[in-house]
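Protein chains in written order, with the numbering used here: chain A, 20 to 359; chain B, 5 to 114.
No lab work stands behind these hints, which were simulated from the structure alone.
Take the hints with a grain of salt, since some may be wrong.
[Stated by the list, open to error] Dumping the calculated DSS-like pairs for lysine-lysine here, alpha-carbon to alpha-carbon at most 25 Å:
no.: 1; chain 1: A; residue 1: Lys149; chain 2: A; residue 2: Lys191
no.: 2; chain 1: B; residue 1: Lys110; chain 2: B; residue 2: Lys80
no.: 3; chain 1: A; residue 1: Lys269; chain 2: B; residue 2: Lys39
no.: 4; chain 1: B; residue 1: Lys71; chain 2: A; residue 2: Lys269
no.: 5; chain 1: B; residue 1: Lys80; chain 2: A; residue 2: Lys261
no.: 6; chain 1: B; residue 1: Lys110; chain 2: A; residue 2: Lys226
no.: 7; chain 1: A; residue 1: Lys191; chain 2: A; residue 2: Lys21
[Stated by the list, open to error] So these bits of chain B aren't anywhere near chain A, every CB distance computed over 12 Å:
no.: 8; residue: Arg10
no.: 9; residue: Val22
no.: 10; residue: Leu76
[To be verified] Only some residues are given here: those of chain A computed to face chain B with a beta carbon under 10 Å:
no.: 11; residue: Asp181
no.: 12; residue: Ile259
no.: 13; residue: Glu263
no.: 14; residue: Val271
The beta carbon of each residue, even a glycine, is placed where N, CA and C say it ideally should be.
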Amino acid sequence: MKENIVIIGGGIAGLEAAAQLLDLGYKPIIIEKNDHLGGHVADWNKLFPDMTPANDVVSSLVARAADANIFLNTEISFVNRLNDSYNIMLSNGISIITRIILLATGFSLFDASRKEEYGYGVYDQVITNKDLEHWFNTGDDPRIGDCAMNAVGFVHCVGSRDEKARNSQCSKVCCITAVKQAIELKQMFPESMVYCFYMDLRMFGKKFEDFYISAQRDYGIRFIRGRVSEVSENIDGRVIVKAEDTLSGKPVKVTLDLLVLMAGMVCSPDSTKVANMTSLPLDSDGFLKSRDNIADIIDSPREGIFYAGACTGPKTVPETLAEARAASLKIHLYIKGLEK
Amino acid sequence: MDFGFRISPSSAVNLDNVDLEKFEELHRIEPDVYKCMACGSCSATCPAARFSGMSLRKVILALQRGKEKEALAMMKNCMLCGKCTMVCPRGINTRHLILSICRIYKEETK
Chain A
20 MKENIVIIGG
30 GIAGLEAAAQ
40 LLDLGYKPII
50 IEKNDHLGGH
60 VADWNKLFPD
70 MTPANDVVSS
80 LVARAADANI
90 FLNTEISFVN
100 RLNDSYNIML
110 SNGISIITRI
120 ILLATGFSLF
130 DASRKEEYGY
140 GVYDQVITNK
150 DLEHWFNTGD
160 DPRIGDCAMN
170 AVGFVHCVGS
180 RDEKARNSQC
190 SKVCCITAVK
200 QAIELKQMFP
210 ESMVYCFYMD
220 LRMFGKKFED
230 FYISAQRDYG
240 IRFIRGRVSE
250 VSENIDGRVI
260 VKAEDTLSGK
270 PVKVTLDLLV
280 LMAGMVCSPD
290 STKVANMTSL
300 PLDSDGFLKS
310 RDNIADIIDS
320 PREGIFYAGA
330 CTGPKTVPET
340 LAEARAASLK
350 IHLYIKGLEK
Chain B
5 MDFGFRISPS
15 SAVNLDNVDL
25 EKFEELHRIE
35 PDVYKCMACG
45 SCSATCPAAR
55 FSGMSLRKVI
65 LALQRGKEKE
75 ALAMMKNCML
85 CGKCTMVCPR
95 GINTRHLILS
105 ICRIYKEETK
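The following block holds chain A by itself, in its conformation from the complex:
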């Protein structure tokens, strides 16, 4: 089968789709801007709710997709629309003519320093969810573990559900990620007090609620319903967090050794860039627009362009993988239709 299939993005969506297409007998091309595959999941340590090592998921995907044509450190320079196909020019000088493009460009993590009141990048003891996962993976971060770790806080919804940050969407996975990270820290530092500051907890997925109950009952993690309004630093370099405990109706203040900001998901600039090149519209939530948000989430409004994963909105790992499988089947049937 000679049909070129271009998969933009070598994260879990792109890899799973490539693996499925290889099984169906195609030879897909993966274009990845980084020097490694696996996307955001490759930077993570363990995945909720079963604490599956992220590395196991990524390495099995990479192994299954190994026969695809993979271009690392490569970006899309431009896309030309031809009569019934697209001409994709890559930053390494190669051009590909294809009738099928799968966008698996994923999401970007919200830049937490934009929420100035939380002091990321200003105070040493304020980190993000990604920094914490990096420390779980490498143990290399002077901000964590070297200090007393008597009290740690998590701030939910940083850059999500926030019109000031121009992202009014819920990022969906940060609630459960905060619970997971809180449990992991509590396991490492059993004496520490761990607080989660939340607006609403959205435990929608399989076994998420059990995970949450376990955090409360087995680990004694304290959940405070109130959005953190400001963070400051005291003379010892510890951070002071102010919020309202909305359930008691009283302002609360707590001094912490470490504050973790749960940065949310926003549409990646690379998605927007490719969308512009192929004249794909954005939906009102800032992510790429599907043909239909219920029935045709993996179809773009353009012929021959498909989506998989978080480029159309925040998704969990299993949801992304399921979409990638669906997209590869869709592409298979689309090619069958072209051959008729």
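Fit chain B to the known structure of chain A by using the hints.
Chain B alone, transformed into the frame defined by chain A:
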């Protein structure tokens, strides 16, 4: 008949008896008032909250539950500094909202 004790009046809010006419008027001028999700950012950052019990989150809720007196007593402590407007994640112009509440519910307080 005096038994020497009395049942204290119910503290339950009876929504059947709540008159929301003024709140509807407020909603017409300030459509964003229904956008409040009670996160408490405004109250946490409010410089008057610690000393006076002012909480815009509670004011908005109290007005919707017909507890106007309670709400207006809290409102008296507002200094209109506008810090709450800066932190509101839903982008509500809280300072403007407070002024509208004062205007609509004014007669009640006299």
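Evaluation of the provided hints:
1. Lys149/A - Lys191/A: Answer holds: Lys149/A to Lys191/A is near 16 Å, not above 25 Å.
2. Lys110/B - Lys80/B: With Cα atoms ~11 Å apart, Lys110/B and Lys80/B stay inside 25 Å; holds.
3. Lys269/A - Lys39/B: Roughly 22 Å between the alpha carbons, so the hint for Lys269/A and Lys39/B holds.
4. Lys71/B - Lys269/A: At roughly 19 Å apart (the allowed maximum being 25 Å), Lys269/A and Lys71/B satisfy the hint.
5. Lys80/B - Lys261/A: Cα-Cα ~23 Å, so holds.
6. Lys110/B - Lys226/A: With Cα atoms ~51 Å apart, Lys110/B and Lys226/A exceed 25 Å; violated.
7. Lys191/A - Lys21/A: violated, 39 Å
8. Arg10: Nearest chain A Cβ is 28 Å from Arg10/B, so the label holds.
9. Val22: holds, 20 Å
10. Leu76: Check passes; 17 Å lies beyond 12 Å.
11. Asp181: Holds. Min distance 4 Å.
12. Ile259: Ile259/A check fails; min Cβ-Cβ to chain B is 12 Å, beyond 10 Å.
13. Glu263: holds, 3 Å
14. Val271: holds, 8 Å
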